[in-house]
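Take these sequences, add in the hints, and give me the full structure.
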Amino acid sequence: MIDWIQIFSNASQELISPTTAAYALAALGLAIHFGYTGLLNFGQAGFMALGAYGYAISILTFGFPVWAAVLVGVGASVIFALILGIPTLRLRADYLAIVTIAAAEILRLLFTTGTWESVTGSASGLQGYKGSFGALNPFTFEGTVGFGPFQYNAYDWWIRLVGWTVVIIAGILTWLIMRSPWGRVIKGIREDEDAVRALGKNVYSYKMQSLVLGGVFGTLAGMIFVLPRAVVPANYQTSLTFFIYAILLLGGAATILGPIIGSMIFWVLLSFFSGFIARAVEAGWLPFMTQVQAGQLRFILVGVAIMLIVIFRPQGIFGNKKELAFVK
Amino acid sequence: MSSDTTPTVTPVKTTGLHIGDAVPGVRKVDPIIIADGVRRTFGGLTAVDVEHVEIPRGAITALIGPNGAGKTTFFNLLTGFDKPDAGVWEFDGKPLQRVPAYRVARMGLIRTFQLTKSLGLLTVLDNMKLGAKGQTGENLFRSVLPFLWRKQEDEITVKADELLARFKLDAKREDYAASLSGGQRKLLEMARALMSDPTLVMLDEPMAGVNPALTQSLLDHILGLKDQGMTVLFVEHDMHMVRHIADWVIVMAEGKVVAEGDPHTVMANPAVIDAYLGSHHDSDLGETDTEHVEVLKELIDDEQ
Numbered sequence: 001m002i003d004w005i006q007i008f009s010n011a012s013q014e015l016i017s018p019t020t021a022a023y024a025l026a027a028l029g030l031a032i033h034f035g036y037t038g039l040l041n042f043g044q045a046g047f048m049a050l051g052a053y054g055y056a057i058s059i060l061t062f063g064f065p066v067w068a069a070v071l072v073g074v075g076a077s078v079i080f081a082l083i084l085g086i087p088t089l090r091l092r093a094d095y096l097a098i099v100t101i102a103a104a105e106i107l108r109l110l111f112t113t114g115t116w117e118s119v120t121g122s123a124s125g126l127q128g129y130k131g132s133f134g135a136l137n138p139f140t141f142e143g144t145v146g147f148g149p150f151q152y153n154a155y156d157w158w159i160r161l162v163g164w165t166v167v168i169i170a171g172i173l174t175w176l177i178m179r180s181p182w183g184r185v186i187k188g189i190r191e192d193e194d195a196v197r198a199l200g201k202n203v204y205s206y207k208m209q210s211l212v213l214g215g216v217f218g219t220l221a222g223m224i225f226v227l228p229r230a231v232v233p234a235n236y237q238t239s240l241t242f243f244i245y246a247i248l249l250l251g252g253a254a255t256i257l258g259p260i261i262g263s264m265i266f267w268v269l270l271s272f273f274s275g276f277i278a279r280a281v282e283a284g285w286l287p288f289m290t291q292v293q294a295g296q297l298r299f300i301l302v303g304v305a306i307m308l309i310v311i312f313r314p315q316g317i318f319g320n321k322k323e324l325a326f327v328k
Numbered sequence: 001m002s003s004d005t006t007p008t009v010t011p012v013k014t015t016g017l018h019i020g021d022a023v024p025g026v027r028k029v030d031p032i033i034i035a036d037g038v039r040r041t042f043g044g045l046t047a048v049d050v051e052h053v054e055i056p057r058g059a060i061t062a063l064i065g066p067n068g069a070g071k072t073t074f075f076n077l078l079t080g081f082d083k084p085d086a087g088v089w090e091f092d093g094k095p096l097q098r099v100p101a102y103r104v105a106r107m108g109l110i111r112t113f114q115l116t117k118s119l120g121l122l123t124v125l126d127n128m129k130l131g132a133k134g135q136t137g138e139n140l141f142r143s144v145l146p147f148l149w150r151k152q153e154d155e156i157t158v159k160a161d162e163l164l165a166r167f168k169l170d171a172k173r174e175d176y177a178a179s180l181s182g183g184q185r186k187l188l189e190m191a192r193a194l195m196s197d198p199t200l201v202m203l204d205e206p207m208a209g210v211n212p213a214l215t216q217s218l219l220d221h222i223l224g225l226k227d228q229g230m231t232v233l234f235v236e237h238d239m240h241m242v243r244h245i246a247d248w249v250i251v252m253a254e255g256k257v258v259a260e261g262d263p264h265t266v267m268a269n270p271a272v273i274d275a276y277l278g279s280h281h282d283s284d285l286g287e288t289d290t291e292h293v294e295v296l297k298e299l300i301d302d303e304q
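Order-wise, the sequence lines are chains A and B. Just so you know, this note's numbering puts 68 at position 68 of the first sequence, and the rest follows in order with no gaps. Just so you know, this note's numbering puts 73 at position 73 of the second sequence, and the rest follows in order with no gaps.
Keep in mind the hints are simulated off the structure, nothing from the lab. Just so you know, these numbers come straight off a predicted model, no measurement behind them. For glycine and all other residues, C-beta sits at the position ideal for the given N, C-alpha and C. Any given hint might turn out to be false.
Claimed, not checked - Some chain A residues near chain B, calculated using beta-carbon distances under 7 angstroms:
1. Ile177
2. Arg184
3. Val185
4. Lys187
5. Gly188
6. Leu199
7. Gly200
8. Gln209
Said to hold, decoys possible - Among chain B residues calculated to face chain A with C-beta under 8 angstroms, some are:
9. Lys133
10. Lys151
11. Glu153
Laid out in structure tokens, this is it:
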């Protein structure tokens, strides 16, 4: 018999999990890139990797305090954005897509290679960097505290508090800049950059600002992502970028709430599917499937879901039907 | 098509613009643009090869010529949207070589495009506001502090509303620009260009695809620009329109300036008819290019 309570409880936990917050923040960065500016960044996983490694290496190798480690990660992603943007932002949008996808893979392979194992931890990654972040925790209670399915210890609550606070601040910031004249120029560039150039705006500079800002969001997301787990290079494959795109398209590309709510829906559904399929196989409902196959099935379902969204609701959940950025 | 244009008022033509005979490359009394030796080649094709040309200030200048004469390429070169292989040119006494397009625009030389570039998913009002120069809120750091740019934004809105009313687009203020008709988009693009108070407006085929009902209002708007002290340079195929509003006509063919002068003398110039005929001397005009046949008929009408 299937334990439905357990499945729903596990799924609902994803609503406020730090992973959900990290994906929401990375998707918000991508909304700035793709939804508002029209930049096809397929290297968001690379920005996240820089955040994760920048933070972990600063603490483990150099013994930096938390704030300095965060600055190192942000600085690294700004430099990464400049390296990507300087040669490609003058060219057509497609070039950025190719360059970012390749650059993110290069980063991942550099972190995986054994040459710098003492610093990067090679394929097994890094851990043991959580101490200084945990030391900042204002919660001092013992054991687990919470309500309903949300029962966590002090460290887990601390990660969730920090993660979602950063998401909310980033959301408000994005909302502020997108309703300003700066946001107007950015959206104009998405529509037709030559027209904006003809009106006296330095399009190249605006695209660079957008790339850096969205990349920094991705980097902060990478840091939140590794707080409840270890840094593992295999996490930063291209598929990570595609999951974030899925979240963005699900919620609505040129919206603020879209990426955030989209991330919640994505993770709740993913958790529900995996819980349900695993238990359905256990209970013998799917006799043609092994447990290992069942683990992969949820990603097939994600792929099908993305296709259905793009075909039947291209503007996403929160998007304005009239404001379709990617079906012209 | 063009014969539907019924002039409401006879525009006042500006005369006495040039010094000496009206030959190609003639000097002007008060030029706003001076171009020298501007050449642009695409592979083996020389698209533009202008030896010397001056655009008179405070007048409406038409740039005409058959398809492929290099008019639009010349436009792109002047405005920094394309880079020439050789040549120097200046605007208002300031050299423009290697000046990027957005800086050219900031200097007061605003252009429109042959294929209108209205920003479809921005409202008509936002399209207009984007045209304003020197906005504080367009800086990323200041944009998060609305009190820094709120006042300027209100001023820009007032100005945009005035222009929209003048161009009869005020009813469309809140609509997406994508919902406008082709002619309305032309109007919007022109109105948007005026938001920055340019000194020179360059219009690339302002009449292309505009229905006759809107043609007259577009013509009046272009004449209005001159009344407000702006200089206008436009590319056009509609000879009636050129004759009606242009003070000066420059004819290009195969990348070169082949004739210059006031509209009536230029259209009587055999070199102009040659330019249109010459580009099609080996093809059947009646089948291939009705537009040119129209132009030719008009030119020949003029001569008689």
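Hints and how they fare:
1. Ile177: 5 angstroms, holds
2. Arg184: 6 angstroms, holds
3. Val185: At 6 angstroms from the nearest chain B Cβ, A/Val185 passes the 7 angstroms test, so the hint holds.
4. Lys187: With a closest approach of 6 angstroms, the A/Lys187 hint holds.
5. Gly188: 5 angstroms, holds
6. Leu199: Status holds, d = 5 angstroms.
7. Gly200: 4 angstroms, holds
8. Gln209: Status holds, d = 5 angstroms.
9. Lys133: 6 angstroms, holds
10. Lys151: This interface hint is violated because 12 angstroms lies over the 8 angstroms limit.
11. Glu153: Because about 7 angstroms separates B/Glu153 from the closest Cβ in chain A, which is inside the 8 angstroms limit, the hint holds.
Going through the hint list in order, the structure does not satisfy hint 10, though it satisfies all others.
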